[in-house]
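Since chain C is already given, all that's left is putting chain U on it; use the hints.
Note that the protein sequences, when read in sequence, are chains C and U. Per the UniProt record's numbering, the first sequence starts with residue 1, numbered consecutively. Per the UniProt record's numbering, the second sequence starts with residue 1, numbered consecutively.
Some hints here could point you the wrong way.
Chain U is faced by these chain C residues, among others (derived, beta-carbon under 7 Å) [what the hints assert, rightly or not]: (1) Gln99; (2) His101; (3) Met104; (4) Lys105; (5) Met112; (6) Gln119; (7) Ser122; (8) Ala123; (9) Gly126; (10) Met127; (11) Ala130; (12) Gln153; (13) Ala157; (14) Ala160; (15) Glu221.
Quick partial rundown of chain C residues pointing at chain U, CB under 10 Å, derived from the structure [to be verified]: (16) Asp111; (17) Ser113; (18) Gly120; (19) Lys136; (20) Gly152; (21) Glu156; (22) Tyr164; (23) Val258.
Only pairs whose alpha carbons sit at most 20 Å apart, straight line, appear in this in silico DMTMM-like list of lysine to aspartate or glutamate [claimed, not checked]: (24) C:Lys183 with C:Asp247; (25) U:Lys44 with C:Asp247; (26) C:Lys136 with U:Glu47.
Just so you know, the hints here were simulated from the structure itself, not pulled from any lab data. Using N, Cα and C, we set each Cβ at its ideal position, and we do this for glycine too.
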Amino acid sequence: MTTIELKRVANVIRQDIISMLVTAKSGHPGGSLSAADIVATLFFNEMRINPKDPKWADRDRFVLSKGHAAPVLYSALAEKGYFSKEELKGLRQTGHMLQGHPDMKKTPGVDMSTGSLGQGLSAANGMALAGKLDGKDYRVYALLGDGEMAEGQVWEAAMASAHYKLDNVTAIIDYNGLQIDGKTDSVMCSSPLLEKWQAFCWHVIEVDGHDIDALLAAFAEAKTVKGKPTMIIAKTVKGKGVSFMEDQAGWHGNAPSVEQGEQALKELREEAANLG
Amino acid sequence: MADKQATREAYGKALLILGAENPNVVVLDADLSKSTKTADFGKKYPERFFNMGIAESNLLGTAAGLAAAGKIPFASTFAIFAVGRAFEQIRNSIAYPKLNVKIAATHSGITVGEDGGSHQAIEDVAIMRAVPNMVVLVPADGEETRQVILASAKYYGPVYIRMGRLDVPLLFDEDYHFEIGKANVLKEGTDVAIMANGIMVSMALEAASDLAAEGIKVSVVNVASVKPLDEDTIVRVANTTKAVVTAEEHNIIGGLGSAISEVLAERQPTPIVRVGLKDTFGESGKPVELLEKYGLTKAALIKAVHEVLAKKQK
Numbered sequence: 001m002t003t004i005e006l007k008r009v010a011n012v013i014r015q016d017i018i019s020m021l022v023t024a025k026s027g028h029p030g031g032s033l034s035a036a037d038i039v040a041t042l043f044f045n046e047m048r049i050n051p052k053d054p055k056w057a058d059r060d061r062f063v064l065s066k067g068h069a070a071p072v073l074y075s076a077l078a079e080k081g082y083f084s085k086e087e088l089k090g091l092r093q094t095g096h097m098l099q100g101h102p103d104m105k106k107t108p109g110v111d112m113s114t115g116s117l118g119q120g121l122s123a124a125n126g127m128a129l130a131g132k133l134d135g136k137d138y139r140v141y142a143l144l145g146d147g148e149m150a151e152g153q154v155w156e157a158a159m160a161s162a163h164y165k166l167d168n169v170t171a172i173i174d175y176n177g178l179q180i181d182g183k184t185d186s187v188m189c190s191s192p193l194l195e196k197w198q199a200f201c202w203h204v205i206e207v208d209g210h211d212i213d214a215l216l217a218a219f220a221e222a223k224t225v226k227g228k229p230t231m232i233i234a235k236t237v238k239g240k241g242v243s244f245m246e247d248q249a250g251w252h253g254n255a256p257s258v259e260q261g262e263q264a265l266k267e268l269r270e271e272a273a274n275l276g
Numbered sequence: 001m002a003d004k005q006a007t008r009e010a011y012g013k014a015l016l017i018l019g020a021e022n023p024n025v026v027v028l029d030a031d032l033s034k035s036t037k038t039a040d041f042g043k044k045y046p047e048r049f050f051n052m053g054i055a056e057s058n059l060l061g062t063a064a065g066l067a068a069a070g071k072i073p074f075a076s077t078f079a080i081f082a083v084g085r086a087f088e089q090i091r092n093s094i095a096y097p098k099l100n101v102k103i104a105a106t107h108s109g110i111t112v113g114e115d116g117g118s119h120q121a122i123e124d125v126a127i128m129r130a131v132p133n134m135v136v137l138v139p140a141d142g143e144e145t146r147q148v149i150l151a152s153a154k155y156y157g158p159v160y161i162r163m164g165r166l167d168v169p170l171l172f173d174e175d176y177h178f179e180i181g182k183a184n185v186l187k188e189g190t191d192v193a194i195m196a197n198g199i200m201v202s203m204a205l206e207a208a209s210d211l212a213a214e215g216i217k218v219s220v221v222n223v224a225s226v227k228p229l230d231e232d233t234i235v236r237v238a239n240t241t242k243a244v245v246t247a248e249e250h251n252i253i254g255g256l257g258s259a260i261s262e263v264l265a266e267r268q269p270t271p272i273v274r275v276g277l278k279d280t281f282g283e284s285g286k287p288v289e290l291l292e293k294y295g296l297t298k299a300a301l302i303k304a305v306h307e308v309l310a311k312k313q314k
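With the rest of the complex left out, here is chain U:
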């Protein structure tokens, strides 16, 4: 069993690195700092930490003003409130003027668990991806989160970072290299590719191992950078495998599966099966049970691989 860490935990630790490195980094939260893990930054750098109370519109609007005056604000709350409540502040006060705000959202997807469907953002990637000037990043584990946060601080412009509540397996070490706009091919195979991000990456790797035992050679591509999308890598891999499964903890409408489908439809038409929430809200329950119920498991990926291979053979 691999060690586990929630991406939000890694975020909190990465903020401490940034805090020491760059005096212009400031952090804002909306009364969820213990959950989003920004609280440690707040303790260490109280003068650079702003709790805005339960007021997400003002959270993002204030971050815009801080950025306009030269700061690098990381604004944190749950994904549902950042993207949902404050969408238009993100759109008009941050993305339209291309201000240097990092929207670091935690508690995305159904692995929020017991709090239920009202708190499980399943459409945030779709919404953020549609906004011009916005970079959209979905790290898979703790190490990738650390690199995503550091890369976001170096990049000038708005970035949406999607993180989770649940402890997930640690997949990468310091030799791993994340870059905005680059996908990482974690495993090369010739029969089918699984292109995943977030919590689905570890499941994709496990599915690939199981499928290897069946004699099916699977490529696994980690697409943490949903926007900008590494089109060339996606096309190159699809050109080799001629069959693609996408996997995300998000609605199948508008997220990673859509982004990859768009690219392949235009550049490399390829049989594809999208694994994700089938245009449905989540509900309360243990995260593992919800993943099972909504078809976000290794078994679901294996099934999807067989489906897409059947399509490929037609």
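In isolation and in its complexed conformation, chain C is listed as follows:
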């Protein structure tokens, strides 16, 4: 896909996120919107996947360690054709497959059940170790949050990825700088992330997480790195694309009302029109 096409996909994903959360009346808009460009680039350009065969043994894997951003993943999966977009209306509803946090048993295309923060990179490492054992060339992508950096298990896993030279792992931090209780560095300072991941023997790339070209270049670079995993620190804006949600911690875990949803969709449709 071209850059402009990926931008259009990211815009559609953002619209879906808003519509889903308005219908569900609960969920996490801020960290879903901040990750939309990253997820669009992964699912529509980067990853080797087949929506008709979600369990394909040679597919690239995606682990949404920041599982509360499930709406961004569900929207990408629906847009990609893993299931009907009608399903998005069932988000968080009893008896429907789209759980509040990703559930690999219920949703085609979800490679790992996540949501309890800090656990995703370990699972990604396990998949990557299995790939190496089996002589397969699939890659494993893990998307983490910056608030999640406070979880000790992240660093246990970081050590292990490097120890086992998992160059088939690319992790991304959706570095939006906010978490439930406020600014990430005021709740629990995780800076400097670049130096921390470098010190853990990772190849580290810093990008603007809303710059599709920069993301494409970072993913391409990760594939050339041998003998160590790659961390892409993607600087993002929480709530990106909806003016009144941008950079507001309050939009971490609150769904927009019908009126707020209309306003958000209006803005996103205008953005789409500008994209042509």
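Structure of chain U alone, referenced to chain C:
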């Protein structure tokens, strides 16, 4: 004196069988491979052995990822660290998605001995039993451990296997048959039943022999499969004996005694006495001395049998 073997020793040997049989079996440890006995697998199959360092959360989380990609991981550490430190990884990364991970925990119970109460898991069965999708197995001796490990590898889904540090008597030979979800009636009697698992099974058999000399006919049931529990066998035996003693090297809250009490309360109300740790932590000491101090002995079982028989007569 019967030959003895620690269940962890039998585990290490069973892993070598599995390693040869199934290339998808992988083993993970957390810097305790010499104690958990996974080290021999590591020597023989280094490419399939992953030492995760002293990081149990990541140990279980990585095992989940390996299972999600088709491997059959056996993840080993001491019971206290597997179930304690990594509980929520087991719950959310393994049991919730029903991934094919075998949590092979050693050094359970007070027979850890000298390392003391901090290292003696006495609540692990209770915790694991409460987790949906989890199978919980507590083998009694070396042969049963071998069969438990092989059966776990064949079964698809998460399994918690509880093993010990201490050498325990070898009770069974290859004619013995372990099956997930089945209890084994080792001895049929009509007066009282002792339902035990782990290291308490050999003591139950010895107690039954001593009680026979008193004219008390004891059934001994080995309940290695705590979950799924063989309810029908338990109810059938209780219906015959009308009195039950449970025995486990575990807190009396939440373990085998609780599981059996739950079933009997609903299906076959029966006088019952639970032998186990009386809601207390262990301490440092020689395993045999600790068993004596905390009432996990043949003598304690005999006393419990008399207690439950008194209840039955009321």
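Evaluation of the provided hints:
About 10 Å separates the beta-carbon of Gln99 (chain C) from the nearest beta-carbon of chain U, more than 7 Å, and the hint is not met. The interface hint given for His101 (chain C) is violated, since its Cβ lies 9 Å from the closest Cβ of chain U, which is over the 7 Å cut-off. For Met104 (chain C), the interface hint holds, the least distance from its beta-carbon to any beta-carbon of chain U being 5 Å, beneath 7 Å. For Lys105 (chain C), the interface hint holds, since its Cβ comes within 7 Å of a Cβ in chain U; the closest pair sits about 6 Å apart.
The interface hint given for Met112 (chain C) holds, since its Cβ lies 6 Å from the closest Cβ of chain U, which is under the 7 Å cut-off. Hint status for Gln119 (chain C): holds, given a least beta-carbon distance of 5 Å to chain U, under 7 Å. A least Cβ separation of about 3 Å between Ser122 (chain C) and chain U falls short of the 7 Å threshold, and the interface hint therefore holds. Given hint, Ala123 (chain C) at the interface with chain U, holds; its Cβ is 4 Å from that chain's nearest Cβ, closer than 7 Å.
With a least beta-carbon distance of about 2 Å to chain U, the hint placing Gly126 (chain C) at the interface is held under the 7 Å criterion. Hint status for Met127 (chain C) relative to chain U: holds, with the closest Cβ pair at about 4 Å, below 7 Å. At about 3 Å, the closest approach between the beta carbon of Ala130 (chain C) and any beta carbon in chain U falls short of 7 Å, and the interface hint on this residue holds. Because the closest C-beta pair between Gln153 (chain C) and chain U is about 4 Å apart, less than 7 Å, the hint holds.
Interface restraint check: Ala157 (chain C) against chain U, minimum CB-CB distance 5 Å, threshold 7 Å, status holds. The closest approach between the C-beta of Ala160 (chain C) and any C-beta of chain U is roughly 6 Å, which is under the 7 Å cut-off, so the hint is satisfied. Restraint check, Glu221 (chain C) versus chain U: the minimum CB separation of about 24 Å is more than 7 Å; hint violated. Residue-level restraint check for Asp111 (chain C) holds (minimum Cβ-Cβ distance to chain U is 7 Å; threshold 10 Å).
Look at Ser113 (chain C): its Cβ gets to within about 4 Å of chain U, closer than 10 Å, so that hint holds up. The beta carbon of Gly120 (chain C) comes within 8 Å of a beta carbon in chain U, closer than 10 Å, and the hint placing it at the interface holds. Annotation: Lys136 (chain C) was flagged as interfacial toward chain U, and the flag holds, the nearest CB pair being 9 Å apart, inside 10 Å. Because the beta carbon of Gly152 (chain C) sits about 7 Å from the nearest beta carbon in chain U, less than 10 Å, this interface hint is met.
Interface hint status for Glu156 (chain C): upheld, as the beta-carbon distance to the closest one in chain U is roughly 4 Å, under 10 Å. Proximity of Tyr164 (chain C) to chain U holds as hinted, the smallest CB-CB distance being about 7 Å (cut-off 10 Å). For Val258 (chain C), the interface hint is violated, the least distance from its beta-carbon to any beta-carbon of chain U being 33 Å, above 10 Å. Proximity of Lys183 (chain C) to Asp247 (chain C) is assessed by CA-CA distance (about 9 Å); at most 20 Å being required, the pair is judged to hold.
Proximity of Lys44 (chain U) to Asp247 (chain C) is assessed by CA-CA distance (about 54 Å); at most 20 Å being required, the pair is judged violated. In summary, the hint linking Lys136 (chain C) to Glu47 (chain U) is supported, as the alpha carbons are separated by about 15 Å, within the 20 Å threshold.
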